[in-house]
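S.K.: Protein chains in written order, with the numbering used here: chain A, 70 to 699; chain B, 21 to 336; chain C, 94 to 294.
Calculated directly from the structure, the hints in this document are not laboratory data. Worth double-checking, as some hints may not be accurate.
To be verified - Straight-line alpha carbon distances no greater than 20 Å define the calculated DMTMM-like cross-link-like pairs of lysine to aspartate or glutamate that follow: (1) B/Lys-311 to A/Glu-637; (2) C/Lys-185 to A/Glu-617; (3) C/Lys-185 to C/Asp-107; (4) C/Lys-266 to C/Asp-215; (5) A/Lys-517 to C/Asp-196; (6) C/Lys-274 to A/Glu-617; (7) B/Lys-187 to B/Asp-271; (8) C/Lys-122 to B/Glu-79; (9) C/Lys-281 to A/Glu-616; (10) A/Lys-631 to A/Asp-267; (11) A/Lys-520 to A/Asp-607; (12) C/Lys-263 to B/Glu-79.
To be verified - If you want the footprint, here are the derived chain B segments under chain C, 3+ residues with CB under 8 Å: (13) 222-231; (14) 234-248; (15) 255-266; (16) 275-286; (17) 300-306.
This structure is a prediction, so every number in the text was calculated from the model and none was measured. For every residue, glycine included, the Cβ atom is placed at its ideal position computed from N, Cα and C.
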Amino acid sequence: MNLINEPATLLIILGTGAGTALLLWKVRWMAALMSIISSAIAAGVVIHTGLLGKIASNEIWEFEIFNDLSLTLGTNWFSYLFLASIAVLAPLVLIYSWEPMRTRQKDRPFYGLFMISLVGAVGVTMARDLLTLFLFWELMTWPVILLIGDGRPRSGKAMKLYFGFGMLSASGILGILSIVSWSEGGVAYTDAVNAMADGSTGIRIAMVLLGAMAFGTKAALAPFHIWAPAAYGHTEDPFTAFFSGGLSKTGIYGAFLVVDVFIGTTILISYGSVNGLTPIGFFIAITGAITALIGGIMAMMQDDAKKLLAYSSISQLGYIFVGLGVGGSTATAGALYHVLNHTAFKAVLFMGLGAVIYRTGEYRLSKLGGMIHVMPLTFWCFLVGIFAAAAIPITSGLASKWLIYEGALEKGVGILVPILFLASAAAFLYSFRILQGGFMGQLRDEFKDIKEAPITMLIPMIIIMIALIVVAFIPGLPMELISRAMADIGMEAPEYSLISLESGVGSYSGLVVMLAVVAGFITAVLMFFSRPLGRHIDLRDTFTAGEEPIPNMDKRYHYAWKFYAPYERFLRPYFNNWIGKGWAKVYKVSSQVARLHRSVMNGDMTGYIWLIFGAMVLVGMVLYRYGGWF
Amino acid sequence: MTFSTTSWVMIFLTPILAFILGHLFLGISRKFTARIHRRVGPPVMQQFIDVMKLFGKRESTTHSWVQDMGALFAVIGVIASILFIPIGGEAVLSFQGDLIVLAYLLVIAPLGMALGTGATGNPNSAIGVSRGLMLMMAYELPFAMVLVAVMLYYDTASLGDIVAAQKGAFNWAILALPLSAIAADLSLQAMLGEKPFDQPVAPSEIASGPMVEFGGKYLGMLMVWHAMSIVVEAGLFVDLFLGGGVIFPGDSVLGLIGNIIVWAILALMMWLISVSINTVFGRFKMGQSLKFYWGVPTLLALLSLSYVVISNLGVI
Amino acid sequence: MSEDEPTGGLLDQDGRPITNLPERGFVRKVADWASARSMWLLWYCTGCGAVELPPSFTSRYDMERYGIGPMATPRQADIFLITGYLSVKTVKRIVRSYEQMQDPKYVLGHGSCTIDGGMYWDSYATVKDVGLYIPVDLYIAGCMPRPEAIFQTFEKLQDMIIKGEAVGWKKYKDNYSWYRKNQDNVFKRGPDWALEEPELR
Ligand code: SF4
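Work the whole structure out from these sequences, hints included.
M.R.: Right under this line is the structure:
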């Protein structure tokens, strides 16, 4: 198969879907069908190419748009990893969206916007120069803003936050672009690599900071994370799964691009290293660890389930940054592994929650409860997702975190691992809070009759759930892809076989761990079923110190509000949104600047003329000085 | 990976051993507590009789299938984790998954149990579980530092290798990293759920917390889990700091049995230290235990960790 | 038979329910032995008699020697110890707690008040005979009974359990309508009571 047009094919397929979905957005089922079909075909193409192994790593295709401006596209295994996780997730989320969007008011082209941002995200992973990257980045970012307002209070604020941080991220990319083009005269990735190789320390640091601003914002790295809980919390429910599971990965991709491709290990190490850990790497890793901790602790204090998952997303992405920063084969493999894992489990978590919200219309944990009795299948999927998020060994979640931990241990970074452990303890806390609040406990009377989630919502969840469990047995399977991806960014993958992973300090055999669990299961089942099954009793038949439940009161004994109250009291002062307050200061200053700007741009023609005249003089002077035109 | 005959035998024997030891430990501790109270105390075998009775109840009640699942999960988790703990120097499965895997395996049982208790719909159980998880977060910080210090000191994450590295009389990690050992023992107190950190099951406040709706065989499963988890946790300490109880050469069967006995005695000792603290203390409030754990034990663990990191860098 | 006479179940000549002893296999006998050696108590301490319990489980008498100990909730307990008088209001709580316990379960009436009202025999607010509402396996006479009496009762109960004679739980199931009628005379079960009627297995 000649793959020369591969990237274009993919974009054309998706673009067609996006176009039709946008045009036909009033006929919703058509739009839905078109986008599902086109994204499924695209996913098929992606999987097919990957399975055939026909990723031409070094080939680049140019498509001329205007006479001087051309898009350059290409894929290698490294970008394929991100491309695949986004492109495969998309049709699942689109199928999932069918049912909840069917009944929604037709006030915006949901599928069209979804598809455009999918095209953008796919384009981002395929771009081979910074300008193309920037164009697709913007294509990915802006449609989402129309999906954010969900009509709940404060959703307008979320939209504003997303807008502001979208601008920040865009200007970060523009900054990188200008650095590179200024020093090399081109915008291709190779130019960026050269720019870093030739550049001074100042330029390299600027690159890292701009990269953090551009891509860290998208991946919700602290301190750029404050938009994420607001935005994830207020997007249309079905889209959130893709937003958090898929789109955030482009930020990770960009961060890898900056650190491992543009700058590269050689340059990083030239600034000195301890056990192979570089200062810049340490800086990134510690930022990631703090992000993981902040995300985890904030998540455990949320009552709004979507916000809880949003903070959990921040926390999990923090782990990826730790892997990226620590570097070296093990940690980098862990970070890439976690990209795949996070895509899967965060999607299933948001889907499961979305199903509950779809059926109940309630997103506050203190108002939910007892969903295991009415939505058992959703509960199973959600539970496996939670297990993966908390890295419980019976899902694939452990493998990636294990690699990150081992990578950090190999390099002797003593302080990172305890912080990560604390973050994962926080992960247990928030995991259980959402399970207890949403699914456990007593069922409200008004939710007694709700049904299991519809089949179109269940199927994508079940597919992901099965994937998460199967990979727990064979943690080496994703490593096939990861090792190729690492080879493309000039790194060596850690040793692995299909069933086990090795690092410099230990080993993890998924199959043996799972077999031990199965052995435990058999013993436990024998023990349990040696006696007759328990008699099923009503939920209100609980120990109440002999007291009869108060009759006809629609209040249940459901402990979900301020679940961790003693800790909230203790920790609140330290997590009193000081990052948010800092950003509020930035906002104040910038709005003052904007006010200044507005006082010039006051609609008075003479003022403009003077401005234009002044600018021309200035440009002329600059050109005269540097350009030698006159 | 090939398994020798000994390892196969150990794989089957370990859960049984843990079951017997766990209930024996509990029985001994009840006698021990009674003697501190100047009572006679129940027979040492009392714990076995209790479990027998619970499984022999004519009926037991359940609120939903998730409660059944929770009872199962508790036992599954503890059996899976005991297989990854070296007993008497015999690394049962621990070469297949190191300390980090174990750290996460240990969570299956409590989290699964928490699921089951949450499903009963009794708010007391939710309160108990939330307290247990908060406690976990409190001791996790010093304990993680301890684990990292030990792993960095021996430059391996494999528990079997850590045990092997401590061979010889004065090679125990407790002598090399005494501050870590103290911090670990303090964390052990909360891990075992003994006073002053028994907030999760405060019987007089929240009606025994997670267990509130569990009776009959359901409670029996939880009792088995509790007994075995004592062995796991005390045994983990022995493996980390007391050389895994290896004092005889372990290549003969007799030597292995001797090592297992030493291991069990050392684990019992750790458990009794915890129990004796238990008998003289009242119960902390949640905030107090967080403040406690993020204070002195964290400081000790941090000192020890920085010592290890600095000495690894070759400065000292 | 008149209208008020409850149907179902066996009654003795005093009009009290009785039941036949259940068949026991070997496993059941072992379980009953374990059950006798490990009795977990649920205390219902409304009456003044409860003050005799602390001496019986602390170091002077040490109840734990027999494997007897207090438990927090009815689900976990085997023995329901009713220490003293019951007011009309508390019968409801007694019945609810009793029904939440799991078979086999035993009830001890502790103090004269549980037998015939004791020194409150003429009070309008006191229930005179606990045996009307739940089946009591053994009564401990005395106002109040000393720990020695309590221990004697425990030993007697152990004997009965091992022999398979302590069958109050079965009596309750067999004669539920009889007990239920007596209970309904004292209190009404609310709509959210949510306990199933026990059925014989
Ligand atoms: S029997 Fe005596 S001691 Fe017991 S409750 Fe009645 S009056 Fe009080």
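S.K.: Hints first: check each against the structure and report whether it holds.
M.R.: The hints, checked one at a time:
Of the pairs offered as hints, the one joining B/Lys-311 and A/Glu-637 holds, with about 13 Å between alpha carbons and a cut-off of 20 Å not exceeded. Distance hint between C/Lys-185 and A/Glu-617 is fulfilled; the C-alpha atoms sit about 8 Å from each other, no more than 20 Å. Restraint check: the Cα-Cα separation between C/Lys-185 and C/Asp-107 comes to about 25 Å, which exceeds 20 Å; the hinted pair is violated. Between C/Lys-266 and C/Asp-215 the alpha-carbon distance is near 31 Å, which puts this suggested pair outside the 20 Å criterion.
A distance of roughly 30 Å separates the Cα atoms of A/Lys-517 and C/Asp-196; the hinted pair therefore is violated under the 20 Å criterion. Distance hint between C/Lys-274 and A/Glu-617 is fulfilled; the C-alpha atoms sit about 19 Å from each other, no more than 20 Å. Annotation: proposed proximity of B/Lys-187 to B/Asp-271 holds, straight-line Cα distance about 13 Å (limit 20 Å). Of the pairs offered as hints, the one joining C/Lys-122 and B/Glu-79 holds, with about 16 Å between alpha carbons and a cut-off of 20 Å not exceeded.
Proximity of C/Lys-281 to A/Glu-616 is assessed by CA-CA distance (about 13 Å); at most 20 Å being required, the pair is judged to hold. For the proposed pair A/Lys-631 and A/Asp-267, the alpha carbon gap of about 55 Å is over 20 Å, so the pair is violated. For the suggested pair A/Lys-520 and A/Asp-607, the alpha carbons sit about 19 Å apart, so the restraint of at most 20 Å is met. With a C-alpha separation of about 12 Å, the suggested pair C/Lys-263 and B/Glu-79 falls inside the 20 Å cut-off, and the hint holds.
Counting residues of the segment 222-231 of chain B whose beta carbon lies closer than 8 Å to any beta carbon of chain C gives 5, which reaches the threshold of three, so the coverage claim holds. A count of 4 residues in the segment 234-248 of chain B with a Cβ less than 8 Å from any Cβ of chain C is obtained; the coverage claim is therefore met, three being the minimum. Counting residues of the segment 255-266 of chain B whose beta carbon lies closer than 8 Å to any beta carbon of chain C gives 0, which falls below the threshold of three, so the coverage claim is violated. Coverage of the segment 275-286 of chain B by chain C is violated in this model, with 0 residues showing a Cβ closer than 8 Å to a Cβ of that chain against a need of three.
Residues of the segment 300-306 of chain B with a Cβ under 8 Å from some Cβ of chain C number 0, which does not satisfy the need for three, so the listed coverage is violated.
When the structure is compared with the earlier hints, violations turn up for hints 3, 4, 5, 10, 15, 16, 17 and for no others.
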